[in-house]
Amino acid sequence: MTAPMPVRPPEPPEKPPPATPGKAPAQRRPSRLLAPLRETGKLFALAVAVARAIFRRPFQVREFIEQFWFVASVTILPAALVSIPFGAVIALQVGSLTQQLGAQSFTGGASVLAVIQQASPLIVALLISGAAGSAICADLGSRKIREELDAMEVMGVSPIQRLVVPRVLATMLVAVLLNGLISVVGTLGGYFFNVIMQDGTPGAYLASFSALAQLPDLYISEFKALIFGFIAGIVAAYRGLNPRGGPKGVGDAVNQSVVITFMLLFFVNMVLTAIYLQIVPAKGS
Numbered sequence: 001m002t003a004p005m006p007v008r009p010p011e012p013p014e015k016p017p018p019a020t021p022g023k024a025p026a027q028r029r030p031s032r033l034l035a036p037l038r039e040t041g042k043l044f045a046l047a048v049a050v051a052r053a054i055f056r057r058p059f060q061v062r063e064f065i066e067q068f069w070f071v072a073s074v075t076i077l078p079a080a081l082v083s084i085p086f087g088a089v090i091a092l093q094v095g096s097l098t099q100q101l102g103a104q105s106f107t108g109g110a111s112v113l114a115v116i117q118q119a120s121p122l123i124v125a126l127l128i129s130g131a132a133g134s135a136i137c138a139d140l141g142s143r144k145i146r147e148e149l150d151a152m153e154v155m156g157v158s159p160i161q162r163l164v165v166p167r168v169l170a171t172m173l174v175a176v177l178l179n180g181l182i183s184v185v186g187t188l189g190g191y192f193f194n195v196i197m198q199d200g201t202p203g204a205y206l207a208s209f210s211a212l213a214q215l216p217d218l219y220i221s222e223f224k225a226l227i228f229g230f231i232a233g234i235v236a237a238y239r240g241l242n243p244r245g246g247p248k249g250v251g252d253a254v255n256q257s258v259v260i261t262f263m264l265l266f267f268v269n270m271v272l273t274a275i276y277l278q279i280v281p282a283k284g285s
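Residue numbering for the sequence shown is 1 to 285, as defined by my numbering.
Any given hint might turn out to be false.
Cross-link-like lysine-lysine pairs, in silico, DSBU-like; alpha carbons within 35 Å at most [as the list claims (entries may be wrong)]: (1) K144 to K42; (2) K144 to K248; (3) K42 to K248.
Computed Cβ-Cβ distance ranges for the label pairs, DEER-style [said to hold, decoys possible]: (4) V154 to F55: 19 to 29 Å; (5) R162 to P281: 38 to 48 Å; (6) Q100 to K42: 48 to 58 Å; (7) E147 to P216: 42 to 52 Å; (8) P281 to L34: 13 to 23 Å.
What the hints contain is simulated information worked out from the structure, not anything from laboratory work.
Think of the CB as a built atom: it goes at the ideal place given N, C-alpha and C, for glycine as much as any other residue.
Input sequences plus hints: build the corresponding full structure.
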């Protein structure tokens, strides 16, 4: 008989090298540092996809009309009510400052320009983001967790073209229309409070407005409203399409969409205002 082969005992596992005192072992950087960049890239990619899908056929006319009516119905009354105190506060503050400087005749022009160029587009965007954008985000998020969007993709239907594009276009169109409404109501509110409460003269108010204001001021206001409506719709759609954690994740996505929209709005407003003031000279200069 052949003698059995000797079995070699297993070697003990190698011990890790001793750590150098005062030096932590090398680790990968946490991915949370790159998460904001990834989210920004995905948001920009969705914006590009929506911009391309706008010109594709068929266009969802019925969905667009329904979303337009919904966005307008939840924002038009709050916009009219909010614009009055905004215009009044701006007129009162500007009137107080110009009175101290001895230039009360410029109250009308300064307050109206502040309402048209700054207050009106921001009010529109904040209302659309808070009222309509949150509803859009919740609607798309609930569809996502119920796997309706996945079923649409399986059937060959693009959720972006079918659901996102009509909502984004609705927010853009409503933003432009509401901007005109808020500009008119805010200007009238500022006029009333300046003439009644600060003893301003109607003629000086209107004369200073015609002396300082110009047509590009209205153009930049409407352009801001259009861009802000696009941003509000895109952010709401993006967070609605990417919820995390089931129904609770949908609620978190709604809150995040409002906060992200507010941050982007103020940043974009600063950029657009700076560009406008550099390109368009002041009236009379």
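Checked hints:
no., hint, verdict
1, K144 to K42, "17 Å, holds"
2, K144 to K248, "13 Å, holds"
3, K42 to K248, "22 Å, holds"
4, V154 to F55: 19 to 29 Å, "25 Å, holds"
5, R162 to P281: 38 to 48 Å, "46 Å, holds"
6, Q100 to K42: 48 to 58 Å, "50 Å, holds"
7, E147 to P216: 42 to 52 Å, "49 Å, holds"
8, P281 to L34: 13 to 23 Å, "43 Å, violated"
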